[in-house]
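Required output: the full structure, derived from the provided sequences and hints.
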Amino acid sequence: MKTYKPDRMGMYFCAVCVCIISASLSLLSMRLLVRYQILMYTVAGLFVFSGLFVVMLTLPLCFSKASYRLSKDSVTKLSGFVFEKTQQIAFRNVQYVTLVMTPFCSFTSACFVIVHTPGGKMLLWFLSPDDASEISCRINRAIRRQEGAI
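For the sequence shown, our numbering assigns the number 184 to the last residue and increments by one with no breaks.
I should point out that these hints are in silico values taken from the structure, not numbers from a laboratory. Keep in mind that this is a model prediction, so the values were computed, not measured. Incorrect hints may appear among the rest.
Pairs of lysine-lysine residues, derived as PhoX-like cross-links and limited to a Cα-Cα distance of at most 20 Å, are as follows [as the list claims (entries may be wrong)]: (1) K119 / K155; (2) K111 / K36; (3) K119 / K39; (4) K119 / K99; (5) K36 / K106; (6) K39 / K155; (7) K111 / K39; (8) K36 / K99; (9) K111 / K99; (10) K155 / K111; (11) K119 / K36; (12) K39 / K99; (13) K39 / K106.
For each label pair, taking beta carbons as the anchor points, the in silico distance ranges come out as [what the hints assert, rightly or not]: (14) L91 / C171: 42 to 48 Å; (15) V82 / R103: 33 to 39 Å; (16) I54 / S167: 28 to 34 Å; (17) L61 / E168: 38 to 44 Å; (18) P152 / R178: 14 to 20 Å; (19) T151 / Y75: 45 to 51 Å; (20) T37 / M64: 42 to 48 Å; (21) R42 / F87: 34 to 40 Å; (22) R178 / L157: 20 to 26 Å; (23) N127 / C53: 38 to 44 Å; (24) F115 / L80: 19 to 25 Å.
Glycine residues also receive a C-beta, built at the ideal position from the N, C-alpha and C atoms.
This is the structure:
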């Protein structure tokens, strides 16, 4: 059994995106609500506070609690912010695997593995490029081995 964790570069990339969006919305609200001083500062403060809350608390907790385990016959995803959630899929139930590697994924760690089953799908997010390709290859190899046994 091997355990994988989301890459920290993905968390930093998300934090930068949240800061940019929060600052943009705050500046936009200050520009549009210039007539209403109290409302302008309240809305701008809410955008800044919500951005800081996400960057300082939510993202680190989500990234620290997430992990993915591959055993010889299943893939397990452990995640959750307040309540821990466990998803497990046996390789015999997997239809196919999609590997999504975005441009500049070596800098942003925006590599995703999507495991498709007849009843749904499981998303393994923000993996390093090496981990994402290794997980995809291991699951595909297990699927082929199962098809050969049938």
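Hint-by-hint comparison with the structure:
no.: 1; hint: K119 / K155; in the structure: holds (15 Å)
no.: 2; hint: K111 / K36; in the structure: holds (12 Å)
no.: 3; hint: K119 / K39; in the structure: holds (15 Å)
no.: 4; hint: K119 / K99; in the structure: holds (10 Å)
no.: 5; hint: K36 / K106; in the structure: holds (9 Å)
no.: 6; hint: K39 / K155; in the structure: holds (19 Å)
no.: 7; hint: K111 / K39; in the structure: holds (10 Å)
no.: 8; hint: K36 / K99; in the structure: holds (16 Å)
no.: 9; hint: K111 / K99; in the structure: holds (10 Å)
no.: 10; hint: K155 / K111; in the structure: holds (12 Å)
no.: 11; hint: K119 / K36; in the structure: holds (19 Å)
no.: 12; hint: K39 / K99; in the structure: holds (9 Å)
no.: 13; hint: K39 / K106; in the structure: holds (18 Å)
no.: 14; hint: L91 / C171: 42 to 48 Å; in the structure: violated (35 Å)
no.: 15; hint: V82 / R103: 33 to 39 Å; in the structure: holds (38 Å)
no.: 16; hint: I54 / S167: 28 to 34 Å; in the structure: holds (29 Å)
no.: 17; hint: L61 / E168: 38 to 44 Å; in the structure: holds (42 Å)
no.: 18; hint: P152 / R178: 14 to 20 Å; in the structure: holds (18 Å)
no.: 19; hint: T151 / Y75: 45 to 51 Å; in the structure: holds (49 Å)
no.: 20; hint: T37 / M64: 42 to 48 Å; in the structure: holds (46 Å)
no.: 21; hint: R42 / F87: 34 to 40 Å; in the structure: violated (20 Å)
no.: 22; hint: R178 / L157: 20 to 26 Å; in the structure: holds (22 Å)
no.: 23; hint: N127 / C53: 38 to 44 Å; in the structure: holds (40 Å)
no.: 24; hint: F115 / L80: 19 to 25 Å; in the structure: holds (21 Å)
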